Amino acid sequence: MGSVVVEQLTKNFSGVTVLQNINLDIKEGEFFALLGPSGCGKTTTMRCIAGFEKPSSGTIKIGDTNVNKLAPNQRNCGMVFQSYALFPHMNVFDNVAYSLNIKHLRKSNVFKKLGVYTRMLNSKIMKYPKDIEQKVMDILAYVELTDHAKKLTSELSGGQQQRVALARALVMEPDVLLMDEPLSNLDLKLRHTMRNTIRKIQQDLKITTIFVTHDQEEAMSMADRVAVMKDGEILQIGTPTDLYSNPKTPFIADFVGTSNIMPGTVLNRENGMTTIQIGNQQIKSTLATELQEVQVVIRPENINVLDEKEADYDNAFEGIIQVATYLGSTVRYDVKVGEHELVVDTTYESGDSILSTGASVKLSVSPERVLLI
Amino acid sequence: MNWLKQTFTGIGIVRLLVYAFFILFLILPLVSVFLVAFTNEPINLFGSLISLDTMQTTIEQFKNATLDNFKAIFSQGHYFDALKNSVYLAFMVSVIVLLICVPIAYGIARTKMPFKRTISALCTIPLVVPTFISAYAFIIMFGRAGWVTYIYQALGGEGLLIDPYSMTGIAIVQVFFFFPYALWPMVAAFKISDVSLEEASRNMGAKSWLTFITVTFPLAIPGMLSTALVIFSVSFSDFGTPIILAPTDLNLLVVEAYREIAGFFNWGGAAILTVIMIAVAAFVYWMQHAFFKGKNYDAVSGKPKQIKLNDNKALTISLSAFSGFVVLVPLLAMGTVFLQSIATTWGKDPLPNGYTLAHYKTIFTSSLGNIQNSLILAFGALVLSVIIATFVSYFVVRQNAASLDFMTTVPLIVPGIAFGIALIQTFNTAPLQLTGTAMILVIAYTIRRIPYMIRSTVGTMQSIKADIEEAAVNLGASSLTAAITVIGPLMLPGIAAGSILVFVTVIKETSVSILMAPAEWAPMSLAIFQNVLRAEYYSAAAMSIVLVVLVIVLQAIANRLTSKQSS
Numbered sequence: 001m002g003s004v005v006v007e008q009l010t011k012n013f014s015g016v017t018v019l020q021n022i023n024l025d026i027k028e029g030e031f032f033a034l035l036g037p038s039g040c041g042k043t044t045t046m047r048c049i050a051g052f053e054k055p056s057s058g059t060i061k062i063g064d065t066n067v068n069k070l071a072p073n074q075r076n077c078g079m080v081f082q083s084y085a086l087f088p089h090m091n092v093f094d095n096v097a098y099s100l101n102i103k104h105l106r107k108s109n110v111f112k113k114l115g116v117y118t119r120m121l122n123s124k125i126m127k128y129p130k131d132i133e134q135k136v137m138d139i140l141a142y143v144e145l146t147d148h149a150k151k152l153t154s155e156l157s158g159g160q161q162q163r164v165a166l167a168r169a170l171v172m173e174p175d176v177l178l179m180d181e182p183l184s185n186l187d188l189k190l191r192h193t194m195r196n197t198i199r200k201i202q203q204d205l206k207i208t209t210i211f212v213t214h215d216q217e218e219a220m221s222m223a224d225r226v227a228v229m230k231d232g233e234i235l236q237i238g239t240p241t242d243l244y245s246n247p248k249t250p251f252i253a254d255f256v257g258t259s260n261i262m263p264g265t266v267l268n269r270e271n272g273m274t275t276i277q278i279g280n281q282q283i284k285s286t287l288a289t290e291l292q293e294v295q296v297v298i299r300p301e302n303i304n305v306l307d308e309k310e311a312d313y314d315n316a317f318e319g320i321i322q323v324a325t326y327l328g329s330t331v332r333y334d335v336k337v338g339e340h341e342l343v344v345d346t347t348y349e350s351g352d353s354i355l356s357t358g359a360s361v362k363l364s365v366s367p368e369r370v371l372l373i
Numbered sequence: 001m002n003w004l005k006q007t008f009t010g011i012g013i014v015r016l017l018v019y020a021f022f023i024l025f026l027i028l029p030l031v032s033v034f035l036v037a038f039t040n041e042p043i044n045l046f047g048s049l050i051s052l053d054t055m056q057t058t059i060e061q062f063k064n065a066t067l068d069n070f071k072a073i074f075s076q077g078h079y080f081d082a083l084k085n086s087v088y089l090a091f092m093v094s095v096i097v098l099l100i101c102v103p104i105a106y107g108i109a110r111t112k113m114p115f116k117r118t119i120s121a122l123c124t125i126p127l128v129v130p131t132f133i134s135a136y137a138f139i140i141m142f143g144r145a146g147w148v149t150y151i152y153q154a155l156g157g158e159g160l161l162i163d164p165y166s167m168t169g170i171a172i173v174q175v176f177f178f179f180p181y182a183l184w185p186m187v188a189a190f191k192i193s194d195v196s197l198e199e200a201s202r203n204m205g206a207k208s209w210l211t212f213i214t215v216t217f218p219l220a221i222p223g224m225l226s227t228a229l230v231i232f233s234v235s236f237s238d239f240g241t242p243i244i245l246a247p248t249d250l251n252l253l254v255v256e257a258y259r260e261i262a263g264f265f266n267w268g269g270a271a272i273l274t275v276i277m278i279a280v281a282a283f284v285y286w287m288q289h290a291f292f293k294g295k296n297y298d299a300v301s302g303k304p305k306q307i308k309l310n311d312n313k314a315l316t317i318s319l320s321a322f323s324g325f326v327v328l329v330p331l332l333a334m335g336t337v338f339l340q341s342i343a344t345t346w347g348k349d350p351l352p353n354g355y356t357l358a359h360y361k362t363i364f365t366s367s368l369g370n371i372q373n374s375l376i377l378a379f380g381a382l383v384l385s386v387i388i389a390t391f392v393s394y395f396v397v398r399q400n401a402a403s404l405d406f407m408t409t410v411p412l413i414v415p416g417i418a419f420g421i422a423l424i425q426t427f428n429t430a431p432l433q434l435t436g437t438a439m440i441l442v443i444a445y446t447i448r449r450i451p452y453m454i455r456s457t458v459g460t461m462q463s464i465k466a467d468i469e470e471a472a473v474n475l476g477a478s479s480l481t482a483a484i485t486v487i488g489p490l491m492l493p494g495i496a497a498g499s500i501l502v503f504v505t506v507i508k509e510t511s512v513s514i515l516m517a518p519a520e521w522a523p524m525s526l527a528i529f530q531n532v533l534r535a536e537y538y539s540a541a542a543m544s545i546v547l548v549v550l551v552i553v554l555q556a557i558a559n560r561l562t563s564k565q566s567s
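Listed in order, the protein sequences are those of chains A and B.
Numbering (this note's numbering) for the first sequence: 1 to 373.
Numbering (this note's numbering) for the second sequence: 1 to 567.
Do not take every clue at face value.
[Said to hold, decoys possible] Cross-link-like lysine to aspartate or glutamate pairs, in silico, EDC-like; alpha carbons within 20 Å at most:
no., chain 1, residue 1, chain 2, residue 2
1, A, K54, B, E470
2, A, K27, A, D175
3, A, K200, A, E181
4, B, K465, A, D175
5, A, K54, B, E520
6, B, K71, A, E341
7, B, K191, B, D53
None of these hints come from the bench; they were simulated from the model.
In this text the structure is predicted, and so the values were computed from the model without any measurement.
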């Protein structure tokens, strides 16, 4: 097991910079997600760590070892590929035993090497030694595939294939587990189950894991920390709650969860309260900022719909409902306020009435919930 | 240092070896043969790198280099005639093949002509018969004692219907045995060409024959010209037919080059003819690629469309009769060879005087060696090409080795006889004196046929996703181990199909065998050739039948393998 430290990693592909000054400090046993839209460089970052891409500059350390000069087959990073990349000509057992065979291959003399090669080409001719047999069956039991050991990988369902890929990577006892969009080929329901499975295995084994995904929900629900990437750069690293409540850029605010984002101008700061002009409205925030021009970010669930009776509030606005969408436990309103259209989420309990299109409402937001970026 | 370390990994060394193989046995011979055209003496480029004395001699040779041979092309009628005749022959053959193929292809693709399936099946026969056997079959049909001549004279004709030993004879054999190369692409073209355009034409009032002439046919023209060029180069490079049929007064490049080297040891003469041959072949190849790239029929994505088949009785019956005649000729030729192989004697009669299996007995006793030689040599070439092709396709697909990709297409262009001459003169002396050994024969076969193998393995390699290999490496395997345990097994079907193809073509191979095979390694094709020259027709016939049967069986296995793979 080991930590992963990436310093000043830059990667150019024929003149185009795809990664710029990537710095990561991933702790031992941490579940770390690289999150970003496609083409942001998250997969390239992972491939640099695995050794499939050579960094143009920068260093990568796994544990205390600088792995820059190490070939990918010497890095001991278990990787789960997006397509799983299971060997189609081998059965489940042979797939999982592959790395153990390789370890035997390294240790043995020429004759034994031939034996191992024979076994890798056809395990019926050459039997596995006890220790490999044991290890493979243990890990297969762990991912609940004992009954499928002799099946070809093509005979398995998507979820089972996924678990074979996971077992194959885990059996080599990697220092780091790398997962490249491992859930993207599964259907929605299976994806939720596999999230829990992967998270549980990671917790059990305390294995340092780097998880690449474009799905913010996936990253937020599984990872200890998340790095949000865009255009080859890291925008922010933090815990899921940190990212959600304190996004550092409008992009993150929008990418991680839903946000209402409006440009505004800071008017003044008095008594720990900042006043911002948005269009012809004013809004107050408890946050301090040094900027003059700011982006005001408000999460939909932090906007309250007020009853007519309720008295004056700080940050109260009049608006007109454009669309009301019923989502089960919540109702989402698109409300026109001035020149902006705000998304507002309200909890819904049975018996509540849903406001109709065209109705005018009064909205408020507490100054602590008004983020300034 | 870093560079060295990266190069000398397991797979890096293999890559160097593969490059070395092609440079030594393909590029170097072609370069030397070009130089010999100036020096008139075999030069030893490889030896020059090793020994100073050889270097000295080579430098002397270059000092004496002249342009005489190149001038001779134009002044001396000899070489120029050969070029003229060869181009004329190839041109005529491709034009006639086109004319023959248009009605047959139309019949197969667009009509309900009777016996369509049978005709299609028979069209594959010419492809499995080596041309020197078909040429020899024409001799026993149309020669002085042939049954065709007998019938012709019985009907009141005089002399021969067609003299097989003539330009006409050669052209006819090539036409009837090369037409399938053009037929299938043309069938595809007629099937694919846009039916809606034809309907539009008919909708505007054009009659169906007018539609064919104004729409269907013009659409197929670019493809037709491209196939004509294919036939041109096949005919131009063909050695089997002319070497058997060309009379002494008919100069053809391939025959002339063979005589210069095998008869007179005139290195300069053979070299200049080789250079001319390669230049013409390369020009044709270049034309085909420059003008018709992407215009080939198979480049059209074939959306299966319902084509209304023409069932006009008069048309389909006449098309069927014509196609039947064309496929019947090769069939009759092979039937004649078969009859000859079981005949006691066969004089100037329509049928043999009696039947016997004695010739086969002779073959399997006294000539068993030739069959063994063929099989051993073909197997040697198979093993060598499997190994090389597997690695080449790996380098081409995974490491984008463009220069390697180019090098391995060169053998497609170089005519066999030209390549043979280049090899003979390059490996004539120490340090690599290989001429006259089985080894150089195997290498020659391998290089000549490896493009087919590589095409097959590259296809399979491309279907294996890169991440499968990355997964193996990620699990700790070196590139070499990954190649052996993962990529190799996955490529097996492609390799198997390709290797049978290599095996078959090596057994059929004529030019290199006749030019380079030493007596103790004479393969079947050389034995048949010598028997024909000695007019020992009966054993030649029996051996030919054995060869063709072998080819058909192997081809059937290969077809089965490839169809399994694609399903």
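Consistency of the hints with the structure:
no. : hint               : verdict
1   : A/K54 with B/E470  : holds, 14 Å
2   : A/K27 with A/D175  : holds, 12 Å
3   : A/K200 with A/E181 : holds, 18 Å
4   : B/K465 with A/D175 : violated, 26 Å
5   : A/K54 with B/E520  : violated, 55 Å
6   : B/K71 with A/E341  : violated, 87 Å
7   : B/K191 with B/D53  : violated, 64 Å
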